[in-house]
Amino acid sequence: MTAPEPLEPLIEDWTKALAVVAHPDDLEFGAAAAIARWTAQGKEVVYCLLTSGEAGIDGIAPAECGPLREAEQIESARIVGVDTVEFLGQPDGTIEYGVPLRRLIAQAVRRHQPEIVITNNFRETWDGDVMLNMADHINTGRATLDAVRDAANRWIFPDDGERWNGVRQVWAGGSPTGKHAVDTTDTFELGVDSLKAHKAYIDGLNWPHFDPAEFLEGISRGTGTRLGTTYAAPFEVFTV
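Position 67 of the sequence shown, counting from 1, maps to 67 under UniProt numbering, and the rest follow consecutively.
These aren't lab readings, by the way, just hints derived from the structure by calculation. Any given hint could turn out to be false.
Pairwise CB distance ranges, derived in the manner of DEER restraints [claimed, not checked]:
| id | residue 1 | residue 2 | range |
| --- | --- | --- | --- |
| 1 | GLY98 | TRP155 | 16 to 26 Å |
| 2 | ASP13 | THR185 | 19 to 29 Å |
| 3 | ASN153 | GLY222 | 35 to 45 Å |
| 4 | ARG78 | ALA213 | 16 to 26 Å |
Result set (DSBU-like, lysine-lysine): computed pairs, CA atoms no more than 35 Å apart in a straight line [stated by the list, open to error]:
| id | residue 1 | residue 2 |
| --- | --- | --- |
| 5 | LYS16 | LYS179 |
| 6 | LYS179 | LYS43 |
| 7 | LYS16 | LYS43 |
| 8 | LYS196 | LYS43 |
| 9 | LYS199 | LYS179 |
| 10 | LYS199 | LYS16 |
| 11 | LYS16 | LYS196 |
| 12 | LYS43 | LYS199 |
| 13 | LYS179 | LYS196 |
For every residue, glycine included, the Cβ atom is placed at its ideal position computed from N, Cα and C.
Take these sequences, add in the hints, and give me the full structure.
Encoded structure:
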């Protein structure tokens with residue numbers, strides 16, 4: 001059996017990042033421990049959630065579910081040192097890639113002026129094989145990558161804020177083709193606590209034996225081995 005290739009460490013000489021994902025819990029199923037590391041270093045991270053996750057719990061109607069999941073996300077962000085969480089009002093489950101979505105995300109990039117933009121895996125699968133990704137994640141990631149370039153062009157969306165061309169890279173967490181990672185050994189437990197904060201969502205999944213610590217360890221330990229640490233979070237890096 002061929003050993004997996006080693007991973008390269010992410011650059012960490014930046015001060016501000018913007019995380020753009022589709023749903024509450026998207027960051028907590030992998031990247032939150034990394035974010036805890038960065039906020040502990042004094043970096044600023046802002047969350048932009050395209051939806052409120054209102055269609056995510058089968059037993060709770062969207063009108064009730066959305067505010068509940070927003071509250072869980074705000075608490076989850078607080079645990080890892082994130083103070084600013086925005087919800088952009090897109091429809092959960094039916095996010096469409098296109099110019100309106102690019103405009104919305106470009107507005108956020110121009111508003112917050114990050115050096116790094118973080119999003120989720122937007123490849124077709126999670127494992128490079130058969131574990132299918134979902135349309136919301138795919139469309140969000142694709143639009144985020146394009147919106148970063150849009151935000152840097154003064155002639156695209158000229159009425160939606162001054163251009164921002166300061167984004168250096170876009171990082172997609174959990175990508176099966178990622179070649180980079182960051183050490184999360186010291187902040188692993190904070191990542192677990194941030195996932196536990198999504199209690200209503202986890203309960204609604206009806207996974208009676210789901211253990212957040214065990215789940216995250218399964219991802220983080222293998223990635224850490226490839227990075228040369230105990231735990232790590234994987235990312236695919238795009239230079240813009």
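Is it true that the CA of LYS43 sits at most 35 Å from the CA of LYS199?
27 Å, holds
Hey, LYS16 versus LYS196, does the alpha-carbon distance stay inside 35 Å?
26 Å, holds
Does the alpha-carbon distance linking LYS16 and LYS43 stay inside the 35 Å limit?
6 Å, holds
At the C-beta level, are ARG78 and ALA213 separated by a distance inside 16 to 26 Å?
Given about 19 Å between the Cβ atoms, the range holds.
Take the C-beta atom of ASP13 and the C-beta atom of THR185, compute their distance, and say whether it sits inside 19 to 29 Å.
20 Å, holds
Would you mind confirming whether the straight-line C-alpha gap from LYS199 to LYS179 stays at or under 35 Å?
32 Å, holds
Holds or violated: are the alpha carbons of LYS199 and LYS16 at most 35 Å from each other?
29 Å, holds
Are the Cα positions of LYS179 and LYS196 separated by 35 Å at most?
28 Å, holds
Are the Cα atoms of LYS179 and LYS43 separated by 35 Å or less?
Since the Cα atoms of LYS179 and LYS43 sit roughly 23 Å apart, the hinted pair holds (cutoff 35 Å).
Does 16 to 26 Å hold as the CB distance between GLY98 and TRP155, or does it fail?
19 Å, holds
With the threshold set at 35 Å, check whether the alpha-carbon distance from LYS196 to LYS43 stays at or below it.
Given pair LYS196, LYS43 holds - Cα atoms ~24 Å apart, limit 35 Å.
When you take the CB atoms of ASN153 and GLY222, is the distance between them in 35 to 45 Å?
39 Å, holds
Consistency note: the structure conflicts with none of the earlier hints.
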